[in-house]
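Protein chains in written order, with the numbering used here: chain S, 1 to 325; chain E, 1001 to 1336; chain L, 2001 to 2306.
Keep in mind that the hints were calculated from the coordinates and are not lab data. Careful: at least some of the hints might be erroneous.
Below are the EDC-like pairs computed for lysine to aspartate or glutamate, each with C-alpha atoms no more than 20 Å apart in a straight line [what the hints assert, rightly or not]:
#: 1; chain 1: S; residue 1: Lys257; chain 2: E; residue 2: Asp1191
#: 2; chain 1: E; residue 1: Lys1198; chain 2: S; residue 2: Asp107
#: 3; chain 1: E; residue 1: Lys1323; chain 2: E; residue 2: Glu1263
#: 4; chain 1: E; residue 1: Lys1084; chain 2: E; residue 2: Asp1117
#: 5; chain 1: S; residue 1: Lys67; chain 2: L; residue 2: Glu2297
#: 6; chain 1: E; residue 1: Lys1072; chain 2: E; residue 2: Glu1140
#: 7; chain 1: S; residue 1: Lys67; chain 2: L; residue 2: Glu2064
#: 8; chain 1: S; residue 1: Lys257; chain 2: E; residue 2: Glu1256
#: 9; chain 1: E; residue 1: Lys1109; chain 2: E; residue 2: Glu1140
#: 10; chain 1: E; residue 1: Lys1170; chain 2: E; residue 2: Asp1117
#: 11; chain 1: E; residue 1: Lys1142; chain 2: S; residue 2: Asp283
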Amino acid sequence: MNQPLITVERLTKRFDVSRSMADILTGRYPQLQAVADVNFTLERGETLGIVGESGCGKTTLGRMLIKLIPASEGTIRFDGQDISGMDRAAELAFRRRAQFVFQNPFDALNPHFTILRSLREPLHNARVPIEDHVERIADAMRMVHLPAPEHFLQSFPHQLSGGQLQRVVLARALVLRPDFIVADEPVSMLDVSVRAGILNVLREVRDQMGLAAVFISHDLALVRYVCARTLTMYLGAVVEDGPTADIVGTPLHPYTKALVQAVPIPRVDQSHDPLPIIGGVPDARNPPSGCRFRDRCPVAQARCTSEVPRLRDVGGGRRVACHFV
Amino acid sequence: MLLEVRNLVIDYRATRGRVRAVDGVSFDVPAGAVVGVVGESGCGKTTAVRAITRIMPSSAVFAAGSISLDGKDLVQISDREMRKHLWRDIAYIPQSAMNALDPVWRVGKQVEEVLVDRGGMNRKAARTRSEELFAMVGLEAKRLRDYPHQFSGGMRQRASIALALALSPKLVIADEPVTALDVVIQRQVLDTFVDLQKQLNLSVILVTHDISVVAYVCDYVVVMYAGKVVESGPVADVLDSPGHPYTMGLYNAFPELGSDDRELSPIEGSPPDLMDPPKGCRFRLRCPFAIGDCMQDPPEHFVGEGHVAYCHRASEAHQLRHKAKRTETWVGVTTE
Amino acid sequence: MKHDKEIYIPGRGIHFLSSVSRWLVSASAIPRRDPFAFAGLLLYLIFILIALFADSLVTHNPREILFDNNYDLARNLPPGGDHILGTTYSGRDIYSQLVWGSRGALLVGVTAAVWVVTIGTVVGLIAGFFGGLTDTLLMRLADIALGVPFLPFVIVLAAFLNPSQWNVVFGIALLLWPQSARVIRAQVMSLRERAFIEAARATGAGPWRILFVHIAPNILSLSFLYASIAVGWAILTEASISFLGFGPSDSVTWGYMLQDAYASQALGRGQYYWFVPPGLCIIVVVVAGFFISRGYEEILFPKLKD
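With the sequences and hints as input, model every part of the structure.
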C-alpha cells in the first residue's frame, strides 16, 4: 500500500480566549483560530519542516499530530486510520509508533527519575518484555551517541548538560523504534555550539532509521539543514509547501520571501535591503478577512480581502496559497 | 577611543564559593562604532558588560580592573556619581524589555520620567521629546498612552530603545536585544537600530550569542569564552580569518541559509565550571589543536591590524582554519 | 557488546530502597544547612525517644495516687526527693505524668498528621489533576471543612462520640486537611502543564499512572512539610480539648495535666512546677515543628536567584 503515512485534511483548532467585560455583556465567546484548514501529507521516511514565527500555529499543529491536543475540525490519518476517536488499545498502538521530542531539555524529563527510569517508561507502557529493555535502551543510546551508559543512566537530569539531556529526550523518543517523530524546536534552548551535535544526530537518525519526521522551528536555517521538504505557516494557515532548497532559493509566497530575506547569515557581506513586508503585528484573534497576510503584503490587492487563497499546486512538487503566483 | 575596559575581573559569591565569571577581560569601544560581544551562555559577556553600567546583582563583586569612559574612570567613583552617568552618557537596553518597562505605568509616562528626572526637562519639553523618540524608533505617537502589556514583543524592544536614547547618550549597551523576537521582527528592529546608530553616531556594545547578528550589525567583535576574551578585532577579519580555534568552531556550528549542505560540526563537551577552571588555556579540553603548551596561559597574538587572538598556535591559524572546516577534525576531541 | 553488559536494571525492591535512601540523603541536606531545622529535628527526636522509653523513664505510675510515710496523701509536694517535679493535688507524681504525656501527645500528633496529610494529598492530587467537576466538588468540600469552627466541632464530636483520643484525631483529620489539599492542588495544577508530564502522556501513560507515578514524587516533599506542621497543630488541639475538659479522662496527657492543675487551683498555690512543664513541652513540640517546616520551605519555595 503506497498511501502516505500521515494525511492531514482540513485540520483546524480553535481555542477559547479570555472574555473581556464587553464579551460577557454581549454574550460572546471569542475564539482564537490557532490552526486554520491545514492540508498536507507525509510519506514514510520523509522529513518535513514546519517554519513560521510565534503564533503561526506550528506548535499546536505538532501537538495535534501526536494526539496531545484534540482537533476542533478536520482529520489526521495515521496509516489510514483516523487518530481521533481511537479506543485505548488503538491509542497505545499509535503511541508506540509516533513519538515527540520536546523543546526544553531541562523540563522534558521528570526531575525525580533517573535517566534509566525515564528511558524505560515508554517500554513499560508499551508492555515490552523486561528482557528486551536493556537491548532497546542500549540501541537508542548508541543512536544518539551518548557515551558510557552505566554511570550515565543512574544520573538525574539536573546533573547533565543541555546537550546531553536533549540526546536523552531523543533517545526516549526512539526507544520504541517509532515510525514517526515530531520534534518541536529541539535545539532552540541549547547553546549554539551544542546545537550542531543534536542536528547531526537528527540527520543520522533520519537516514539510518528511515523514519518520517516533522521538524518544527522558527529558524529556517536549521530546517534547511535537516528537512528535504518544508511548509511555511502564517497565522494558522499553510502558505507554502515544497522542497526546502526551492523554498529557500526561490520563495514564491510573499511571506516566505520576507522570511527568507530576514534570516541573518554569518557573513559580513549580506544584504541590508529592507524586507518586502509592511510592518504591523498580526493579531491572531482578529485575522484579516480573505488572505490573512494581506495587511502586511506588498502585493495585496482588492481580491485578497474577499477571497481566501487556496493552497494550489504550482508544479515541481510545490504548493502556494496566493492569488498572484 | 570612547570606552576602555582593562583587565576586568568580576566574581560572584555563590553558596559553593566564589565563581570568577569574568577573568581579566579587556576591550575597547571606538567612538561611533558597534562592538559585538559574542559567546555562549556562561562565558561572562553579560556580566562584563553590565559591570560597565554597575547594574549588577548583589552577589557580584568587582574584584579588579579599570573602565574609563572618555578618559574618565568609572570604577573608583561613588554609586551616586555613577548614577549620573546612567541614561545621560551610558544607556542600557536589557534582554527582556519587560525588565525596562514598569507594567503599571503608561509607556509615555515612563519615558517622560526619565526625561524630567534625569534630563531636567519640563513636562512640556519632555512630551515633545517622547514623541520624537517614538518616531525615531518607528512607533506611533499615540502608543505613548498604552501600557507595556499592550505592546507586542517587537514594539516593546523599540520602546526600550527609545527609552535608552532619551537623553542622547554616547554609549548604548544592548544585551541580547533581539534574541527573544521572531526573525522578521528581529530584522526590522535591527534595521531601525542600525539606522539610528548611524544617524546619531552612537557607540554601541551589543551582547549576543548569534554571530549572524554580529555579522549583520557590528563593526568590531569580541569573542569570549569561559570568562576570558579569546579573540577580538574587526568583524570581517575575525569571521573570514579567525585566529582562535573557538571562533573557527563557532562558525562551523552555525547553519547558514545560503550555503548548500555544509556539514555542521559541533564543539564537543561543554564550557568549564568556573569555580575550578582548567589551567592555562580554558578551551584546550575541547580544542582539536591543543598541544602541551596549552597548559600555560595563551599569549596575545596579532593576527592582523587591530585583530588579536589568545592562542599558542595562532601563528599557524592559516593551516588550522582549513582543518577546522572539516567535520572530522572536531569529532572525538573530548575523548582523546 | 560492551553496552549490553554495562546496563543494569535493578529489581523493584532494590530500586525502591535506593529511592528511599536517596530521598533520605536529600531530605537530610536541609538540617545540615539550616540550624533551626536541625534543632527542630533534634527536639522531635528527643521527644520520640522519651515517648518510646517512657516505661523506663517514669519514676512512678502516673495514675497512681501516692501516700507518704505517714500514710497521708502525698499531695502538693514541692519538687525534691522522690518526686523530681513534685506531686499534684491528688497525690500523683508530676514528672511521671509529664513523661507519660509525651507518649499520648506524640501518638495523637503523629496519627492526626498522617491522616490530615494523606487525605489532603490525595484530594489535592485528584482535584488538581482532573479539574472540572471533580475539582469543584472537592474544593467545595474543602470550603465547608474550613468554614466549620474547629474547637467547637471537636468538642461536639467528643460529646456525641465518647471522649477519647481517637475522636480528637478524627476531628482533626476531618477539619485540617483542606490547607494541605489546597497547596498541593495548586502545585499539581502547575506541574500538569510541564513538559515531562506531556512527555509521559506521549509515551502512553494513562491518567492514573501519570498522577501517582509521575506527579506524586514531585509533591511528596510538600506533603511532608504539611505533616510537620500538622503534628504541632494536633498536639495543641488535643491539649486544648483536654484542658477544656472534653478530653478523655482515663489517659494522662499534657492537656490533662493542665486541666487538672487549673481545676485544682494550682496557680493560686503557686505550684509552677505543676503546670509550667507540660505547657513548655507543648510549646517546644509546636515550635520544633515550625522550625522544621521553616527549613524545608526553602527548598520548596526557593527564592529566585539572580
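Status of the hints after comparison with the structure:
1. S/Lys257 <-> E/Asp1191: 17 Å, holds
2. E/Lys1198 <-> S/Asp107: 42 Å, violated
3. E/Lys1323 <-> E/Glu1263: Holds, because 14 Å separates the two Cα atoms, which is no more than 20 Å.
4. E/Lys1084 <-> E/Asp1117: Satisfied, since the Cα-Cα distance of roughly 11 Å is no more than 20 Å.
5. S/Lys67 <-> L/Glu2297: Status violated; Cα separation ~38 Å.
6. E/Lys1072 <-> E/Glu1140: 38 Å, violated
7. S/Lys67 <-> L/Glu2064: At roughly 72 Å apart (the allowed maximum being 20 Å), L/Glu2064 and S/Lys67 break the hint.
8. S/Lys257 <-> E/Glu1256: Cα-Cα ~17 Å, so holds.
9. E/Lys1109 <-> E/Glu1140: 15 Å, holds
10. E/Lys1170 <-> E/Asp1117: 19 Å, holds
11. E/Lys1142 <-> S/Asp283: Holds: E/Lys1142 and S/Asp283 sit about 19 Å apart, inside 20 Å.
In this structure, the earlier hints numbered 2, 5, 6, 7 are contradicted, and the remaining ones agree with it.
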